[in-house]
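S.K.: Work out the full structure: start from the sequences and follow the hints.
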Amino acid sequence: MKASTIRTYQTVHTWTGLLAGFALFVAFYAGALTVFHNDIATWQNPPWRGAADAEVPVHALIERLVATQPAAKDDFGIVLPIDASHAAYAFWQDKNDERFATASQLHEPRTEAGASELADFIYAVHDSLGLPVIGLYLMGIVSLLYGLALVSGFVMHLPQLVSSLFAIRAGRNLKRLWQDAHNAIGVISLPFHIIFSITGALFCLLGLTLATLNTVAFDGKLYSAFAQATQTTPAVTASGTPAAMLAPEALIERARATALSLGVTTFEPDYLHFVHYGDYNAVAEVRGLSQHTLGTFGTIVLSARDGRVLRTFAGDAYSLNGISYAALYGLHFGSFGGRTVQWLYFILGLAGAFLFYSGNLLWIESRRKRRHLDQPRRTRVMARATIGVFLGTCLGISGAFAATWLAVRLGADAGMPQRVACYGLFLAACAYACIRPIAKATVELLMATAVLTMLVAVADLIGNASAFAQAWTPLSGRVLGVDLAGIALGILFACFARATARRARTGNAHSVWALPAAS
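Positions 571 to 1089 (our numbering) are the ones given, in order, by the sequence shown.
Keep in mind the hints are simulated off the structure, nothing from the lab. No residue lacks a Cβ here, since even glycine has one placed at the ideal position from N, Cα and C.
Pairwise CB distance ranges, derived in the manner of DEER restraints:
hint : residue 1 : residue 2 : range
1    : ALA630    : LYS791    : 40 to 50 Å
2    : LEU776    : GLN663    : 19 to 29 Å
3    : VAL990    : LEU776    : 28 to 38 Å
4    : LEU701    : LEU898    : 16 to 26 Å
5    : TRP585    : ILE1061   : 30 to 40 Å
6    : LEU776    : SER674    : 31 to 41 Å
7    : THR910    : GLU625    : 29 to 39 Å
8    : THR803    : VAL1021   : 46 to 56 Å
9    : LEU898    : ALA1039   : 38 to 48 Å
10   : SER674    : THR836    : 29 to 39 Å
11   : ALA813    : THR836    : 28 to 38 Å
Derived SDA-like pairs (lysine to any residue); straight-line CA-CA distance at most 25 Å:
hint : residue 1 : residue 2
12   : LYS1010   : ALA1079
13   : LYS1010   : GLN749
14   : LYS643    : ARG669
15   : LYS643    : GLY810
M.R.: Structure representation (structure tokens):
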């Protein structure tokens, strides 16, 4: 390959990586935590501190819903609890707005599904940087730039791929060490990064893509064709004849038995959808999660009156459209292989965050004036932006955990505190990075993140010590696992802080990462 061609790809890789890197660090760090969405939800509401309405059975929730919100009978959903410490909640459309409510909230339903759920908040940060609509489209564009950076980086390193893949050259040349680590992680995890970039762009830009194709290529007929190809609910007309409905528990068992007969090994229902509830022609959809298959989510459509199977979208009976979408979802979130795949995706998420962090460090070092004490403004600005945004993200998410922990123990709603803590600490870290010497700000922000992360985990361990001593359950294991992971992350941040402090004292005195005293 010509040297000029490699330089071109290097330029493309550098600038697409820099442009997308800040948002991608947030997405990957929050995404690594999102892999354990249910575990974080259980950590917030462990089984020994059940949420309100957790004891209300699903059939009682439905009865209260149709009694207090009769207009919802035509079309509503029930999100089943992920464990015994969470409550099922209903959602329906009310005057063009969605409404959500557990059994005690039906008279005053809320407008957000998980307004106080930490796991849902972290997912929103991963999905759209916490910015509704605009953030989603922004992350779609970022995913496209991300894909371009992957392709250009692979082509750039292709000539020396085999010889340099595992060449981690430790020594005094820290830039070379970071370069080797950056390249090795990027190449080894390349298949997963390709998956993330493609699925991320598809999920975030699907609405915009459909709107564009509908106008340009499908003469306004795409939406109806797309709905027909992807919807699982059959078109039914209310008969006007009232009928008794089968209990939701019976519908769930009928759906599980049907799904297992279609070849899946497990089927754990997580969502019910009812159309024309209480009518003779009423339909119930039961969606469930199946492990060890890329088509992780399947749906069984039943008659809500007698449980007769109307349609099947699971196992051997999955449609091509259904298996394609379910596979994309499973590949993006790692929901297809149990704990082993979850831990793999968690590690890959953290490795991806490191990839963007190290990429910025390499850019800064490549543009450093070797024998000049006063570094170019662009390198100082990039260094401050890197530590402010990247470390501020880690500190902010740890702050959201701390705010949630405190709010729950005070009996307050955790929604607002976790947002204020996360965004407040993020902005404070960015400001701190602008006013403090770069090396000092880096060490101090890393130590602050380490201390806060470990403090929350240790405090939760101490607070739950008596509960852990009781009869052990898998839910107890989830809570303990989140706390131990928090301690491990805190130790990792502390190690980074120690290494950064050592480099600031003994590293190159002309680097932006050097302490002023070392100069």
